[in-house]
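A.B. asks: Each chain, written out:
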Amino acid sequence: MKNTMKISTLAATALLATTTSVSAGDVEVLHWWTSGGEAASVNYLKDKLSDAGVGWTDFAVAGGGGENAMTVLKSRAISGNPPTAAQIKGPSIQEWGDLGFLADIDGVAKANDWDNLLPAVVSDVMKHDGKYVAAPVNVHRVNWMWSNPEVFRYAGATIPTTWDDFMVQAAKLEKAGFIALAHGGQAWQDATLFEAVVLGVGGADYYNSAFVSPVDLDVLKSDTTVEVFETFGNLRQFIDANSPGRDWNVATSMVMEGKAGMQIMGDWAKGEFKVAGMNVGTDYVCTAAPGTSGGHTFNIDSFAFFAQSDAARTAAQNTMAAEILGTDFQTVFNLNKGSIPARLGVSRAEFDSCAHDSMDAFIAASASGSLVPSFAHGMAVSSAVSGAIYDSATNFFNSDQSAQEGADQLVAAVAAAM
Amino acid sequence: MNRQTPLSINIGRVMIYLLLVAFALLYLAPLYVMIATSFKDIEEIRSGNLMAPPLSPTFYAWTKAWSSACTGSECEGLAPFFWNSVKIVVPAVSISTIIGAFNGYALAKWRFKGSEFLFGALLFGCFIPFQVILLPMAKLLGSLGLANTVTGLVMVHVIYGVAFTTLFFRNYYVGVPTELVRAARLDGAGFLNTFRYIFLPLSTPIFVVTVIWQFTQIWNDFLFGVVYSGAGTQPITVALNNLVNTSVGGKEYNVDMAAAIIAALPTLVVYVVAGKYFVRGLTAGAVKG
Amino acid sequence: MLNYLEKHLPKIVLAPTTIVMIVCMYGFIAWTGLLSLTKSRMMPQWEFVGLDQYVRLFANPRWDVAVDNLFIFLILFIIIALVLGLLLAIFLDQKIRVEGAIRTIYLYPMAISFIVTGTAWKWILNPGLGIEKLFRDLGFAGFEFRWLVDSDMAIYTIVIAAVWQSSGFVMALFLAGLRGVDDNLTKAAKIDGASTVRLYWHIILPLMRPVFFSAIVILTHIAIKSFDLVQALTGGGPGYSSDLPANFMYTFSFNRAQIGMGAASAMIMLFGVLAVLIPYLYSELREKK
Numbered sequence: 000m001k002n003t004m005k006i007s008t009l010a011a012t013a014l015l016a017t018t019t020s021v022s023a024g025d026v027e028v029l030h031w032w033t034s035g036g037e038a039a040s041v042n043y044l045k046d047k048l049s050d051a052g053v054g055w056t057d058f059a060v061a062g063g064g065g066e067n068a069m070t071v072l073k074s075r076a077i078s079g080n081p082p083t084a085a086q087i088k089g090p091s092i093q094e095w096g097d098l099g100f101l102a103d104i105d106g107v108a109k110a111n112d113w114d115n116l117l118p119a120v121v122s123d124v125m126k127h128d129g130k131y132v133a134a135p136v137n138v139h140r141v142n143w144m145w146s147n148p149e150v151f152r153y154a155g156a157t158i159p160t161t162w163d164d165f166m167v168q169a170a171k172l173e174k175a176g177f178i179a180l181a182h183g184g185q186a187w188q189d190a191t192l193f194e195a196v197v198l199g200v201g202g203a204d205y206y207n208s209a210f211v212s213p214v215d216l217d218v219l220k221s222d223t224t225v226e227v228f229e230t231f232g233n234l235r236q237f238i239d240a241n242s243p244g245r246d247w248n249v250a251t252s253m254v255m256e257g258k259a260g261m262q263i264m265g266d267w268a269k270g271e272f273k274v275a276g277m278n279v280g281t282d283y284v285c286t287a288a289p290g291t292s293g294g295h296t297f298n299i300d301s302f303a304f305f306a307q308s309d310a311a312r313t314a315a316q317n318t319m320a321a322e323i324l325g326t327d328f329q330t331v332f333n334l335n336k337g338s339i340p341a342r343l344g345v346s347r348a349e350f351d352s353c354a355h356d357s358m359d360a361f362i363a364a365s366a367s368g369s370l371v372p373s374f375a376h377g378m379a380v381s382s383a384v385s386g387a388i389y390d391s392a393t394n395f396f397n398s399d400q401s402a403q404e405g406a407d408q409l410v411a412a413v414a415a416a417m
Numbered sequence: 000m001n002r003q004t005p006l007s008i009n010i011g012r013v014m015i016y017l018l019l020v021a022f023a024l025l026y027l028a029p030l031y032v033m034i035a036t037s038f039k040d041i042e043e044i045r046s047g048n049l050m051a052p053p054l055s056p057t058f059y060a061w062t063k064a065w066s067s068a069c070t071g072s073e074c075e076g077l078a079p080f081f082w083n084s085v086k087i088v089v090p091a092v093s094i095s096t097i098i099g100a101f102n103g104y105a106l107a108k109w110r111f112k113g114s115e116f117l118f119g120a121l122l123f124g125c126f127i128p129f130q131v132i133l134l135p136m137a138k139l140l141g142s143l144g145l146a147n148t149v150t151g152l153v154m155v156h157v158i159y160g161v162a163f164t165t166l167f168f169r170n171y172y173v174g175v176p177t178e179l180v181r182a183a184r185l186d187g188a189g190f191l192n193t194f195r196y197i198f199l200p201l202s203t204p205i206f207v208v209t210v211i212w213q214f215t216q217i218w219n220d221f222l223f224g225v226v227y228s229g230a231g232t233q234p235i236t237v238a239l240n241n242l243v244n245t246s247v248g249g250k251e252y253n254v255d256m257a258a259a260i261i262a263a264l265p266t267l268v269v270y271v272v273a274g275k276y277f278v279r280g281l282t283a284g285a286v287k288g
Numbered sequence: 000m001l002n003y004l005e006k007h008l009p010k011i012v013l014a015p016t017t018i019v020m021i022v023c024m025y026g027f028i029a030w031t032g033l034l035s036l037t038k039s040r041m042m043p044q045w046e047f048v049g050l051d052q053y054v055r056l057f058a059n060p061r062w063d064v065a066v067d068n069l070f071i072f073l074i075l076f077i078i079i080a081l082v083l084g085l086l087l088a089i090f091l092d093q094k095i096r097v098e099g100a101i102r103t104i105y106l107y108p109m110a111i112s113f114i115v116t117g118t119a120w121k122w123i124l125n126p127g128l129g130i131e132k133l134f135r136d137l138g139f140a141g142f143e144f145r146w147l148v149d150s151d152m153a154i155y156t157i158v159i160a161a162v163w164q165s166s167g168f169v170m171a172l173f174l175a176g177l178r179g180v181d182d183n184l185t186k187a188a189k190i191d192g193a194s195t196v197r198l199y200w201h202i203i204l205p206l207m208r209p210v211f212f213s214a215i216v217i218l219t220h221i222a223i224k225s226f227d228l229v230q231a232l233t234g235g236g237p238g239y240s241s242d243l244p245a246n247f248m249y250t251f252s253f254n255r256a257q258i259g260m261g262a263a264s265a266m267i268m269l270f271g272v273l274a275v276l277i278p279y280l281y282s283e284l285r286e287k288k
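Residue numbers (numbering that gives the first Met the number 0), protein chains in the order written: chain A, 0 to 417; chain B, 0 to 288; chain C, 0 to 288.
Pulled out of the complex, with its shape left as it was, chain A reads as follows:
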């Protein structure tokens, strides 16, 4: 096994040496994965590339969920010096493609049969004008709820599967002295919670028309939106007063420590439980967010490639694209991140039961039409519109606006941002 791998890398190196000029060139990669676990995943890719004779220049810029990185990327693009690859996702890929900055990596994609390896939902995001310009690293499921079964047992409550039931069970938890919902009051977390409510209350059709580009304002203006805000507003009572500004992982630890019963957060939360040495099923439970059990809100991380003038750099870029889709990298990376591989044909064996659930839900939801892109994580609408949703959701959640006022502000904000 080891030998065959060595031979194949040797072959790859030899191939590269013949197809590219003397130096295979480097890739310079802009990303915001800076924690220990993420660094390990990135380093795996880095090693793979160095085996293939491609050097890696790291350009990490963390903070604000990529906000700082986007500022850097724009400045670099405008100065005519973009990195080889950058962590960009969702509709932003289209925005960059429209401006003509992205490289066409269709050659690599064809050679490696990406059209058959990637589910259509995924490959659609990676293409601009029908050509691949980006490579996906993973699929996150956002609509997860993490619960502490011990807390539920003590309070005599059951893990809710609908939002109506959520209110009942949460009240039981509160009565037993727990914080029902662990939540960090940052705009993106408010939006993540809001998103779960939108899908759970409104259903996939409503979600797709009102919160996925192109947004149908008439649907957004409907009474369903008011209903959504009604439920969302009811959640205010189940979080603690100190939540504003709290990091999501601190909220996760509230669930772990048994201070709180539940948290609604994407599958990356699993990493926190793992680091704490907790076991799924006994120490913590993963279920779909209330009302979304058949649904799957996806969030795909990807690298977009920027057009290069230098042939060696283009070659390096192609090697990188090919390696990202390799089964080895997809496995290692996603085991670290808590997500599932973006491509088909990766062995499920090493993944845990939450990941299996996510994989099954991805396929089932895709068949039933309830596979929806996450607007809280930049997959569904342009950054301007998603910003408008963020503002409205977070302002509503942190004020005493009525459901009608919340819905009105949302409609106005989205209309203004379109």
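Keep in mind that the hints were calculated from the coordinates and are not lab data. Please note that a few of the clues may not be correct.
[What the hints assert, rightly or not] List time: in silico DSSO-like cross-link candidates among lysine-lysine, alpha-carbon distance up to 30 Å:
hint	chain 1	residue 1	chain 2	residue 2
1	B	K138	C	K10
2	B	K275	C	K94
3	C	K224	B	K138
4	A	K109	A	K130
5	A	K171	A	K258
6	A	K126	B	K138
7	C	K38	B	K138
8	B	K86	C	K224
9	A	K130	B	K138
10	B	K112	C	K6
11	C	K132	A	K171
12	C	K224	C	K38
13	C	K94	C	K186
14	A	K258	C	K132
15	C	K38	A	K130
16	C	K132	A	K174
17	C	K186	B	K275
18	A	K109	A	K126
19	B	K112	B	K63
20	C	K38	A	K220
21	A	K273	A	K258
22	B	K275	C	K224
23	B	K86	B	K63
24	A	K126	C	K38
25	B	K63	A	K273
26	B	K63	B	K275
27	C	K189	C	K94
28	C	K10	B	K112
For this one, chain A is given, so just place chains B and C on it according to the hints.
C.D. replies: Using the frame of chain A, we list chains B and C on its own:
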């Protein structure tokens, strides 16, 4: 106010001391929290009181922050970035200070038509929010071939630092008696010689003030550093930001705090060591300002 | 020829700064002004739409909040920092024994960037971790200090942190000013039987006018650029209740692909600064002549 005092004034003095000490404690609180946290282990941070001193102090966080914390895919701590910052700060501070000295001198003592207007215009430049200039500056640097180079970054720091350095020097040199300049001119000294023989020897205090100010500003800068630096030349603030802003895998607050103190250490040292000269320099400048 | 050179040397010395200023300050402002009239979204595009972006800006409820916050912040921050800085300077000027140490303590926050102290402040102000918990642990069960998590009060925590950072610097400026006051003047006043309060109020404070000028210029500069402060302390929250215009502009320009609107907000900020500062600068510079 140095007479020997009756009792009533003694009470006043005690009050003054109490107030001063109380404020000193308030000012120290955040630094104390940071230092105390940096010596605790994660368990103690999670369970203990924020203000409590560390029970069993450990240097773990400090060594990790300096040499093995991840700041991207590399996990070599802040050490390499520390030197990057030095390489940016030293030229940027010296160049902007020297330019400021000449500008201030010319504006203060060699007035010409429009020089006051020029000064006003420059002063207003201090108030541009830097976020505004990010993109046009990137374009300019790109067309000069300086995008994402240390030279480019130093240039940006110099450009936006000169307004302040000029302000400092001008206000200081305005206070130098004009008779001195006139006398020198009668002796045949020109622009440069007057500067060299009359102004330069008087300038130590204002140089100290300006250097401290510029050093602090540029060392602590994040925005320019993150946007205009290249891979491998990122300053320490960018590394610190990367280190602190991780979102997954258990935050190590003690490492964050140690890293934060390491990043702040040079400026802290400058303030502690040169603080005396700082006030002295300001005194000299503000007398007749 | 040489004579000509000598005569124009001051202008020649100032020329590079002037050119750079025209391009990199006013040129970029003009660029931003133009940009604010376009429909630019993710990147600058020169398709003009008149004042559309301004209309959209003022229709945005978040911008309203940011502007209101800036007024609250600017006024409170400058007044409190001035008063506190002045008082500390006066107290410290009473021949205090450990002046050097205390002065350094007051001054050190200026040396540290908010990327560094943000986390510490967040903890101190957090009800579940910091001051509130401390007092409750000490037995004051009803003690409440929860501004950080209160939409109506969060902006005031930003004032607190900003005052903490800058008041020491203001103190240093005033201390320098006080040291520059002629001893004979105070002695004469004492002989005339003026009380300490009267002495300061009627004689010394008016002499501090240039110091007030420098301090206000520097504080305004800091206030308008208070971007990382918000970022580190509240992230603009709860909701967007503690947003400031600089943060609004940054977010909309770079993260929300509404760069035209971001440019519009930058222009409004600049006009605001102009409106406040120009008359002030003008009157101050006039009188000094």
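A.B. asks: Against this structure, judge whether each hint is valid.
C.D. replies: Going through the hints against the structure:
1. The hinted pair formed by K138/B and K10/C meets the criterion: a straight-line CA distance of about 29 Å does not exceed 30 Å.
2. At most 30 Å may separate the alpha-carbon atoms for a hinted pair to count; K275/B and K94/C meet this at roughly 15 Å.
3. Of the pairs offered as hints, the one joining K224/C and K138/B holds, with about 23 Å between alpha carbons and a cut-off of 30 Å not exceeded.
4. Restraint check for K109/A and K130/A: the C-alpha separation of about 10 Å stays at or below 30 Å, so the hint holds.
5. At most 30 Å may separate the alpha-carbon atoms for a hinted pair to count; K171/A and K258/A meet this at roughly 14 Å.
6. With a CA separation close to 28 Å, the supplied pair K126/A and K138/B stays within the 30 Å bound.
7. At most 30 Å may separate the alpha-carbon atoms for a hinted pair to count; K38/C and K138/B meet this at roughly 20 Å.
8. As the CA atoms of K86/B and K224/C are separated by approximately 25 Å, the hinted pair is consistent with the 30 Å bound.
9. With a C-alpha separation of about 29 Å, the suggested pair K130/A and K138/B falls inside the 30 Å cut-off, and the hint holds.
10. Taking the CA atoms of K112/B and K6/C, the gap is about 13 Å. The hint holds against a cut of 30 Å.
11. At most 30 Å may separate the alpha-carbon atoms for a hinted pair to count; K132/C and K171/A meet this at roughly 27 Å.
12. Distance check on the hinted pair: K224/C and K38/C sit about 26 Å apart at the alpha-carbon level, within 30 Å; holds.
13. For the proposed pair K94/C and K186/C, the alpha carbon gap of about 16 Å is at most 30 Å, so the pair holds.
14. A hinted pair counts as satisfied when its Cα atoms are at most 30 Å apart, and K258/A with K132/C qualifies at roughly 17 Å.
15. Note on K38/C and K130/A: the hinted pairing holds, with a Cα-Cα distance of about 28 Å set against a maximum of 30 Å.
16. For the proposed pair K132/C and K174/A, the alpha carbon gap of about 23 Å is at most 30 Å, so the pair holds.
17. Note on K186/C and K275/B: the hinted pairing holds, with a Cα-Cα distance of about 26 Å set against a maximum of 30 Å.
18. Between K109/A and K126/A, the direct Cα distance comes to roughly 13 Å. Compliance with the 30 Å bound is thereby established for this hinted pair.
19. A hinted pair counts as satisfied when its Cα atoms are at most 30 Å apart, and K112/B with K63/B does not qualify at roughly 59 Å.
20. For the hint linking K38/C to K220/A, the alpha-carbon distance of about 26 Å falls within 30 Å, and the restraint holds.
21. Under the criterion of a C-alpha separation no larger than 30 Å, the hint pairing K273/A with K258/A is consistent with the structure, at around 18 Å.
22. Only pairs whose Cα atoms come within 30 Å are accepted, and K275/B paired with K224/C is accepted, the gap being roughly 28 Å.
23. In summary, the hint linking K86/B to K63/B is supported, as the alpha carbons are separated by about 23 Å, within the 30 Å threshold.
24. Of the supplied pair hints, the one linking K126/A and K38/C holds, its CA atoms being roughly 26 Å apart against a limit of 30 Å.
25. Straight-line distance between C-alpha atoms of K63/B and K273/A comes to about 22 Å, which keeps the hinted pair within the 30 Å bound.
26. Of the supplied pair hints, the one linking K63/B and K275/B is violated, its CA atoms being roughly 34 Å apart against a limit of 30 Å.
27. Restraint check for K189/C and K94/C: satisfied, since their Cα atoms lie roughly 17 Å apart, inside the 30 Å limit.
28. For a cut-off of 30 Å, the pair hint linking K10/C to K112/B stands: about 10 Å separates their Cα positions.
The structure is inconsistent with the numbered hints 19 and 26, although it conforms to all the rest.
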